[in-house]
Amino acid sequence: MSNIKLNDKIHYVNFRLGSENFAIPVMRVLEIIQNCTLTKVPNSSIYIRGVLNFRGEIVPVIDMYERFNMKFDENTNKMIIIVDVESTNNHMHIGLIVDKVMDIIEFEFKDIQKAPDMGINYDLTFIDGFVDINSQFIMVLNIDKVLNKSDLIEGAARIDLMKA
Amino acid sequence: MDEFVASFINEAKELIARLEKDLLNLEKNPDNKELINSAFRVMHTIKGTAGMFGFENIQHLTHEYENLFDKVRKDELKVTSNLIDITFNGIDVIQALLNNENVAIELTQLFNRLKNEFSFKEAIIAENNPKVESKNEVSRIKNYCILFKPDKGIFERGIDPENTLEELSEIGVCKTFLHENGIPWTDQKSSKKCTTTWEIYLSTYLEAFDIENVFMFFDKEEYGFFQLINGVIPEKSAFVRQFIKNYSGLTALTEHINSIFETLAPEIDIAVKKPGQIKANEDDILSDDFEKQTQQNIAHTDANTTINVSSVKIDELLNLVSELVTSTAGLQNHAKRLKDINLFDTIENLEKLTKQFRNNALNLRLTPVGTLFNKFKRQVRDLSRELKKEVDFIIEGQDTEIDKAILKAIESPLMHIIRNSIDHGLEFPEERANIGKDKQGLLKIIAFYSGANVVIQVQDDGRGINLDRVKECAIQKGYIQKEEKLSDQELLTLIMEPGFTTSENVTMVSGRGVGMDVVKRELSKVSGSLEIDTEKGLGTYITLKLPTTLSIIDTLMLQVENSVFLIPLLEVEYCFQEKSSVLFDQSNSCIRYKDEMVPFISLREKFHLPDKKNENEMVVIINKFHQRYALVVDKIVGQQQTVIKNLGELFVKQPYFSGGNIMVDGKLALILDSNYLFNKNVLA
Chain A
1 MSNIKLNDKI HYVNFRLGSE NFAIPVMRVL EIIQNCTLTK VPNSSIYIRG
51 VLNFRGEIVP VIDMYERFNM KFDENTNKMI IIVDVESTNN HMHIGLIVDK
101 VMDIIEFEFK DIQKAPDMGI NYDLTFIDGF VDINSQFIMV LNIDKVLNKS
151 DLIEGAARID LMKA
Chain B
1001 MDEFVASFIN EAKELIARLE KDLLNLEKNP DNKELINSAF RVMHTIKGTA
1051 GMFGFENIQH LTHEYENLFD KVRKDELKVT SNLIDITFNG IDVIQALLNN
1101 ENVAIELTQL FNRLKNEFSF KEAIIAENNP KVESKNEVSR IKNYCILFKP
1151 DKGIFERGID PENTLEELSE IGVCKTFLHE NGIPWTDQKS SKKCTTTWEI
1201 YLSTYLEAFD IENVFMFFDK EEYGFFQLIN GVIPEKSAFV RQFIKNYSGL
1251 TALTEHINSI FETLAPEIDI AVKKPGQIKA NEDDILSDDF EKQTQQNIAH
1301 TDANTTINVS SVKIDELLNL VSELVTSTAG LQNHAKRLKD INLFDTIENL
1351 EKLTKQFRNN ALNLRLTPVG TLFNKFKRQV RDLSRELKKE VDFIIEGQDT
1401 EIDKAILKAI ESPLMHIIRN SIDHGLEFPE ERANIGKDKQ GLLKIIAFYS
1451 GANVVIQVQD DGRGINLDRV KECAIQKGYI QKEEKLSDQE LLTLIMEPGF
1501 TTSENVTMVS GRGVGMDVVK RELSKVSGSL EIDTEKGLGT YITLKLPTTL
1551 SIIDTLMLQV ENSVFLIPLL EVEYCFQEKS SVLFDQSNSC IRYKDEMVPF
1601 ISLREKFHLP DKKNENEMVV IINKFHQRYA LVVDKIVGQQ QTVIKNLGEL
1651 FVKQPYFSGG NIMVDGKLAL ILDSNYLFNK NVLA
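Protein sequences appear in the order of chains A and B. For what it's worth, the working numbering labels the leading residue of the first sequence as 1, then goes sequentially. For what it's worth, the working numbering labels the leading residue of the second sequence as 1001, then goes sequentially.
To be clear, the hints were calculated from the coordinates, so they are not data collected in a lab. Check before you lean on any hint, since a few could be wrong.
No more than 25 Å apart at the CA atoms, straight line, and that leaves these computed lysine-lysine pairs for PhoX-like [to be verified]:
hint, chain 1, residue 1, chain 2, residue 2
1, A, K100, B, K1313
2, A, K71, A, K145
3, B, K1377, B, K1545
4, B, K1653, A, K149
5, A, K145, B, K1653
6, B, K1667, A, K78
7, B, K1377, A, K149
Pulled out of the complex, with its shape left as it was, chain A reads as follows:
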């Protein structure tokens, strides 16, 4: 991201998680999957919702609700966004489970405003800021912070998981 200039237009994927809208750069997204059955992994960290088969590879799916202190609504359909993450020795693919992918939005880097540190009940470092598009506030995610590997691995083992 270092070579991005302030007035470059960047495309973002705008998605909904609970009652909030988030955006991640299109460059990082590989695929958006609808209607997918996850395979649950017993005794895994609470942040991992399960695994799925993505182009012949086993890809972990992150529970974004858990990560953002939101409630997972079992009764709605979910979507999975597969993103590319730089890992120690190569690229790694990780799935994000979200409510719905809305659309692709476009804004300049300088449009990103500093997020208020009030009224947010998740880790502030998860977001780079917010943009105001048609008077809708969209949080710009810092995907690498959200998918911090050691956080994900160290998360407490989930017990309720298999009930879903």
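Since the structure of chain A is provided, determine the placement of chain B on it from the hints.
Showing chain B alone in chain A's frame:
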């Protein structure tokens, strides 16, 4: 640079492996010129590259061997077993040096031996002091003055002098002066009449012999050169006089030459450290040097060369291929519904192709067992000499292919078995002669396919295992009771018990029985098994049965609620149905099986699945190293061929599963790791 060093090390190791093979052959056919040349060539190649990468010791050592084999080549030395021995010795030292081990003592000993036994005056040992080394390097640079005057009709011979100049510039750094004699060179080139003389000053690490090689297509009259020693022109030969002619006297020429080489000196390091170029070039020169036979030989080995591909790339390919298989299966389902015959045919064809594709991709991981067996040749030779036994070592089925990881895992177990066979199986030559056997003992290692498995068998025609002795020892050590009646096969399995040995005097090489348990354990790590057949006085057959590959295993599919789990079929001993009341209404989690109380784990409980009572449960008895455990599940779905896939970095703290498998329907199933599941601490 590091990556160049690594590739040098790899290459040197490959060369050495080839040399080892050649030496063993050479010992049998001491007059085979081709093999001698090949040994010389290997030493030469290693010498050339070793210096470039700072392996000074290797460079000096190979230099000695190059000289040694040069003498053999020229019939000044005979191929003796002593010579072969010392060369093997050298190979070991070179290998140790490549692995960066400290072998200073061995090295000195070797140089001394070379010096004493093969009278090398020039044996120099590189000091470990780096300063001395770099000095050494400078002194190894040789400066040559070359006069190159090709014949007028050189072009008609199909030779372009420019190529020769280019070759020279590749083996070192050089400065060239053109004496066109009135006609510009480009005109000479187009009119195909060469009247030019070149004056070439070359700084290189190579020998005069290598320069001769560059000019191998030219007559003696067409070129000449001399080496400048300490800045002085060596002697006043006719050739030197020709050189002087262009200058006003010897002093002027010496000055001129020295000033040129001074400018060349700083460049040589830069130029010579382009490893790829130099190496390739050296190979060219060398192959030119030998007769057609050798060339054919090289071409032949080249045809069989392998390329190293990182296993990550292969895994990626496998991923894609299995995905293709899954997609094709999905497509087939749709086609069935549509009932379109044409579509169906096409898909069937596609399916066939993808399956073939998948098999081919899986084969990429396989290597011929011969690569391992050939390593044993050397060890068998050394061992038989050490133990004073005569062994005829035969290898069969070396083209049988097996997963590289498995091959690596069975190396030491196999070596152990071979050692046992030579040390305890085969009799001494006199003993054999007395009982009417051939003096030379037969040791055979064969490999073949058996279904999806690979079988490797080590056979010897020695004295066999003394079963009475085994029984005696077993009673003595309390493994069995005196009155127990055991079949031969049962007695033989005792050999594989830890610490079991019948040998009173454990030799340096092996003590029969000791370590057989280790062999067995190593084998079971790669899902292999071991069987022993023996006949008193006739010999012993030891049979290893191994899976072709580790990435595909047969598994049993278990179901609890909606979740599917896989467990390696090899670990499963028995399955049966049991009433829940029998299982759970006890204070301890144990179940009776074959008069044994077997601890069980309910996967439903373990993995916090919804608490639901079934009337009946399925019990799977797992047998791991003669320890039984049981799993309680809802249902046994069936057998399944499983391609094991890693769960990935986020599951490093997840010990229950050794991987996952993508099933035909595209869904994932997790593979249970029974090692962890039945770990005593976890059970408690």
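Going down the list of hints, with the structure as the test:
Restraint check for K100(A) and K1313(B): not satisfied, since their Cα atoms lie roughly 34 Å apart, outside the 25 Å limit. Between K71(A) and K145(A) the alpha-carbon distance is near 21 Å, which keeps this suggested pair within the 25 Å criterion. For the hint linking K1377(B) to K1545(B), the alpha-carbon distance of about 22 Å falls within 25 Å, and the restraint holds. Between K1653(B) and K149(A) the CA atoms are separated by roughly 12 Å; this keeps the pair inside 25 Å, and the hint holds.
Restraint check: the Cα-Cα separation between K145(A) and K1653(B) comes to about 20 Å, which is no more than 25 Å; the hinted pair holds. Between K1667(B) and K78(A) the CA atoms are separated by roughly 18 Å; this keeps the pair inside 25 Å, and the hint holds. With a C-alpha separation of about 49 Å, the suggested pair K1377(B) and K149(A) falls outside the 25 Å cut-off, and the hint is violated.
In the structure shown, a violation is registered for the earlier hints numbered 1 and 7, in ascending order.
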